[in-house]
Amino acid sequence: SQTIHQWPATLVQPVGSPLSLECTVEGTSNPNLYWYRQAAGRGLQLLFYSVGIGQISSEVPQNLSASRPQDRQFILSSKKLLLSDSGFYLCAWSYGQGNQPQHFGDGTRLSIL
Amino acid sequence: SQQGEEDPQALSIQEGENATMNCSYKTSINNLQWYRQNSGRGLVHLILIRSNEREKHSGRLRVTLDTSKKSSSLLITASRAADTASYFCATDGGGGSNYKLTFGKGTLLTVNP
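Line by line, the protein sequences are chains A and B.
The first sequence lines up with residues 1 to 113 when you count with the numbering used here.
The second sequence lines up with residues 1 to 113 when you count with the numbering used here.
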């Protein structure tokens with residue numbers, strides 16, 4: 001069966017510090033991968049998605065970036081965090097064909113001080 | 001802009017009652033999906049209904065889709081305290097193989113024991 005892992009579960013970072021959140025998927029090959037951010041009481045905002053190694057599509061211009069160095073690894077990064085980067089970050093995967101359900105990790109709660 | 005909008009924003013019922021949540025969307029779709037999110041956790045896929053389907057069942061869940069009104073409803077019958085969660089609809093925006101989903105802000109369902 002397929003599993004998705006996100007870490008860390010919680011993170012407290014000072015303004016201006018770098019960020020690296022990692023997501024890995026097991027039990028499937030060539031998945032589509034997604035990074036979302038969820039503000040309190042709101043829906044999910046798609047940040048990045050990837051349909052293959054090295055292929056990243058950005059949905060929202062901001063100081064975040066994503067990379068996919070391996071087929072089942074998706075990394076969300078920032079060189080310099082802003083207060084507005086606080087939120088709940090969720091990674092998800094889906095099968096490669098379109099119109100498929102997405103499967104989510106348990107998220108990272110990021111607080112910027 | 002939000003593709004899916006859930007209604008109501010919050011719903012509180014007693015155990016054993018039925019819960020109905022609605023979703024409206026703006027553009028054409030290939031399918032519409034419903035997800036559940038327990039507090040502080042990732043989203044869990046519940047059900048996918050395709051644009052050529054009008055109704056779908058899964059256990060105590062019943063989803064309807066009216067593409068002429070661009071709306072969907074999720075009915076949870078005989079609710080339990082464990083059904084307490086946020087429920088989101090998500091749409092794919094139509095077109096060809098569309099990997100992206102747009103989520104609404106969700107309905108917070110509270111089932112009181």
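None of these hints come from the bench; they were simulated from the model.
Note that CB positions come from ideal geometry on N, CA and C, so glycine has one too.
Check before you lean on any hint, since a few could be wrong.
[As the list claims (entries may be wrong)] If you want a taste of the chain B side facing chain A, the calculated C-beta under 8 Å gives, among others:
id: 1; residue: Asn30
id: 2; residue: Gln33
id: 3; residue: Phe103
[Said to hold, decoys possible] If you only want the chain B side, here are some residues facing chain A, beta carbon under 8 Å, derived:
id: 4; residue: Gly16
id: 5; residue: Arg41
id: 6; residue: Leu43
id: 7; residue: Ile49
id: 8; residue: Asn52
id: 9; residue: Asp92
id: 10; residue: Gly93
id: 11; residue: Lys100
id: 12; residue: Leu101
id: 13; residue: Lys105
[Claimed, not checked] Where chain B lies over chain A, by a calculated footprint (3+ residues, C-beta under 8 Å):
id: 14; segment: 44-57
id: 15; segment: 106-113
Results for each hint:
1. Asn30: holds, 5 Å
2. Gln33: holds, 6 Å
3. Phe103: holds, 4 Å
4. Gly16: Hint violated; glycine 16 of chain B Cβ to chain A Cβ min 28 Å, cut 8 Å.
5. Arg41: holds, 6 Å
6. Leu43: Hint holds; leucine 43 of chain B Cβ to chain A Cβ min 5 Å, cut 8 Å.
7. Ile49: Check failed: Cβ of isoleucine 49 of chain B comes no nearer than 11 Å to chain A, outside 8 Å.
8. Asn52: violated, 12 Å
9. Asp92: holds, 6 Å
10. Gly93: violated, 10 Å
11. Lys100: For lysine 100 of chain B, the interface hint holds, since the closest Cβ of chain A sits about 6 Å away, which is under 8 Å.
12. Leu101: holds, 6 Å
13. Lys105: It holds, given that the least Cβ distance between lysine 105 of chain B and chain A is near 4 Å, below 8 Å.
14. 44-57: Answer holds; 4 residues pass the 8 Å Cβ test.
15. 106-113: holds (count 3)
Of the numbered hints given earlier, the model fails hints 4, 7, 8 and 10; all others are met.
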